[in-house]
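Novice: All chains, please: the whole structure from these sequences, using the hints.
Protein chains: 2
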Amino acid sequence: MSKPVIAIDMGGTRIKIGIVKDSTILASSSISADSGNGLKNKLPYIEKAVRDLLNQQELSCEDIAGLGIASPGIIDSHEKKVLSIDKKFGDAPGIDLQKWCRQAFNLPFTIENDARAALLGEWKYGKAKNYDNAVLMSLGTGVGSAAVMEGKLLRGKHFTAGILGGHFVINYKGEICNCGNKGCVETEASTWKLTSIAKDNNSFLDSKMASLSSIDYEAVFKWAEEGDSVAEEIRDQSLQAWSACAINLIHAYDPEILVLTGGIMASSSHIIPYIRQKIEQHAWTPWGKVNIEEAAFPGSAALYGMSYLVNTDQK
Amino acid sequence: MSKPVIAIDMGGTRIKIGIVKDSTILASSSISADSGNGLKNKLPYIEKAVRDLLNQQELSCEDIAGLGIASPGIIDSHEKKVLSIDKKFGDAPGIDLQKWCRQAFNLPFTIENDARAALLGEWKYGKAKNYDNAVLMSLGTGVGSAAVMEGKLLRGKHFTAGILGGHFVINYKGEICNCGNKGCVETEASTWKLTSIAKDNNSFLDSKMASLSSIDYEAVFKWAEEGDSVAEEIRDQSLQAWSACAINLIHAYDPEILVLTGGIMASSSHIIPYIRQKIEQHAWTPWGKVNIEEAAFPGSAALYGMSYLVNTDQK
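First to last, the sequence lines map onto chains A and B.
In this text, residue positions in the first sequence follow the working numbering: the first is 3, and each later residue adds one.
In this text, residue positions in the second sequence follow the working numbering: the first is 3, and each later residue adds one.
Careful: at least some of the hints might be erroneous.
Treat identical chains as interchangeable: a pair holds within one or across any two.
Stated by the list, open to error - Think about it this way: if two alpha-carbon atoms lie no more than 27 angstroms apart in a straight line, the pair counts; the simulated DSS-like pairs of lysine-lysine are:
1. 154 - 44
2. 154 - 291
3. 175 - 291
4. 82 - 101
5. 82 - 291
6. 159 - 291
7. 42 - 82
Calculated directly from the structure, the hints in this document are not laboratory data.
It should be emphasised that the depicted structure is a prediction, and the values quoted were computed from it without experimental measurement.
Specialist: Here's what the structure looks like:
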């Protein structure tokens with residue numbers, strides 16, 4: 003019987019903290035990521051949030067199997083280090099998180115890439131449960147991905163396999179990405195780039211979006227529906243870019259199912275039918291159709307994945 | 003001790019036939035692929051070429067471990083069938099090649115995708131020999147690829163994993179590819195598309211290439227060197243497209259080495275340094291540098307790969 007786990011999901015906007023037992027969240031809270039100031043300054047707040055949750059559940063660290071962090075970036079899950087991280091939490095590679103975990107809680111420590119953790123959650127408990135070959139695409143601040151092939155979570159020699167779908171080149175004559183690459187999926191369509199994409203549009207000042215200081219996809223989908231031509235243009239380009247990413251993930255990893263998640267999927271009714279149609283039209287899958295599904299746990303799959311991983315690590 | 007193998011490499015231009023023992027070609031010949039007329043009409047010629055080579059070597063079918071075909075397209079290596087093939091040898095999915103092999107030679111039959119076979123050859127005997135994580139990119143009539151991850155040749159659930167690098171979207175607003183997808187690597191830069199790319203250039207009639215009925219990359223590289231601006235433009239776009247493909251393969255499969263092969267690599271001195279520089283500049287590999295190498299056996303790696311596979315299949 004598995005013990006509860008402290009699971010932490012370091013999102014670009016909020017850091018989610020949960021006491022999780024398998025796929026049940028016993029208690030959870032979140033703090034602002036305020037990621038521009040890095041991770042180090044956040045650790046005392048995370049520690050306090052964890053203690054509050056433990057107290058609330060009347061649990062002590064002895065009742066807990068371990069602590070797991072789902073982090074953006076490239077994560078060495080063996081050495082338990084952040085290797086490289088794309089602007090968010092930029093100080094993380096220099097922090098000994100395992101030591102922090104031991105000093106704060108005296109608990110075993112696990113860390114994994116956040117998209118991989120989310121796919122693990124969906125694979126063990128959610129939409130990808132009955133599949134040995136699954137891919138996840140996460141649309142949000144950035145674009146994340148992960149893959150399970152032949153029943154095995156893909157990590158690769160240097161921990162980058164599966165997770166760089168957002169940095170596939172889909173416009174090789176395009177703009178430079180945060181990561182240093184050119185024409186990545188993220189530079190064509192993601193929340194971090196959205197305001198800049200909108201402002202570069204020649205008709206931006208005629209758009210309703212010109213009144214906003216920061217633009218999100220909810221506004222884009224809403225105003226595109228209402229006939230704002232700049233919003234329509236951005237919506238269509240973004241849907242095309244995500245479809246190209248999905249096709250590349252399918253061509254790379256040969257999955258039976260593609261699970262879509264991330265903050266932008268709040269507008270899933272605009273996204274799923276489009277991507278499904280483009281994949282049927284364009285992906286080379288002579289064997290049949292890839293299932294295209296919305297995540298079962300859009301907000302908590304990464305916490306469930308870390309719960310699974312921490313327990314696996316302890317075996 | 004392994005027996006010799008009959009290995010057949012179904013290229014877009016020539017069908018190569020060899021009697022191969024491990025990485026030694028005992029005898030070989032080739033016939034025109036003339037692929038527009040399909041594969042069925044070629045089988046009697048292939049059979050005759052095999053018999054001639056056996057006679058020449060004073061071998062009978064009893065001395066042979068089996069017959070292996072390296073074919074373009076998506077290959078079900080378990081059921082030993084061509085599932086889907088991109089215009090070349092379009093009749094192949096309807097042919098029972100295993101039956102043909104039994105009736106003609108009474109030998110065990112093996113079939114695999116040609117880029118996978120070439121990577122196997124390079125992995126077992128050539129440039130990728132000491133690596134457990136390797137990717138191959140083949141530049142020729144089309145663009146092929148294959149991947150080995152953690153010591154295992156990647157095939158995937160439906161046999162498409164690793165081999166669709168030429169059909170990664172790198173220009174999501176681009177043109178429709180032979181495969182039905184949009185903006186594939188192949189539609190941006192490959193020999194089948196080259197003449198059409200050149201003719202679409204606004205300055206084509208001012209170029210030396212306008213005098214040719216069919217254009218190849220040897221001419222493009224030569225005339226670009228001599229200052230022909232259309233050739234320069236096509237060269238630069240093609241190098242950018244192949245670099246984007248290489249970056250996507252690295253982002254997808256996390257290899258230690260990328261092996262480049264295919265007919266276009268006759269101009270490798272123009273290609274390798276460019277791709278190497280772009281990868282160093284743009285690929286996200288915080289662990290270090292991917293080795294970028296020309297194939298050890300540009301003309302025969304697929305034959306060696308099939309020799310290895312036929313012997314493995316018999317064990």
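Novice: Each of the hints needs a verdict: does it hold here or not?
Specialist: Verification of the hints:
Taking the shortest Cα distances, residue 154 and residue 44 never come within 27 angstroms of each other, neither inside one copy (33 angstroms) nor across copies (41 angstroms). Taking the shortest alpha-carbon separations for residue 154 and residue 291, both the intra-copy value of 22 angstroms and the inter-copy value of 26 angstroms come in at or below 27 angstroms. Within a single copy, residue 175 and residue 291 get their C-alpha atoms only as close as 31 angstroms, which misses the 27 angstroms cut-off; across copies the closest is 23 angstroms, which meets it. Taking identical chains as interchangeable, the C-alpha atoms of residue 82 and residue 101 lie at most 27 angstroms apart only when both belong to the same chain, with a minimum of 10 angstroms there against 53 angstroms between chains.
When the C-alpha separation of residue 82 and residue 291 is checked against a cutoff of 27 angstroms, the pair qualifies only between copies, where the shortest distance is 22 angstroms, while the shortest distance within a copy is 37 angstroms. In this assembly of identical chains, residue 159 and residue 291 lie within 27 angstroms of each other by CA distance solely across copies; the values are 13 angstroms between and 30 angstroms within a copy. With identical chains, the CA atoms of residue 42 and residue 82 are at most 27 angstroms apart within one copy only, with a shortest distance of 16 angstroms there and 56 angstroms across copies.
The structure fails hint 1 only (numbered hints given earlier).
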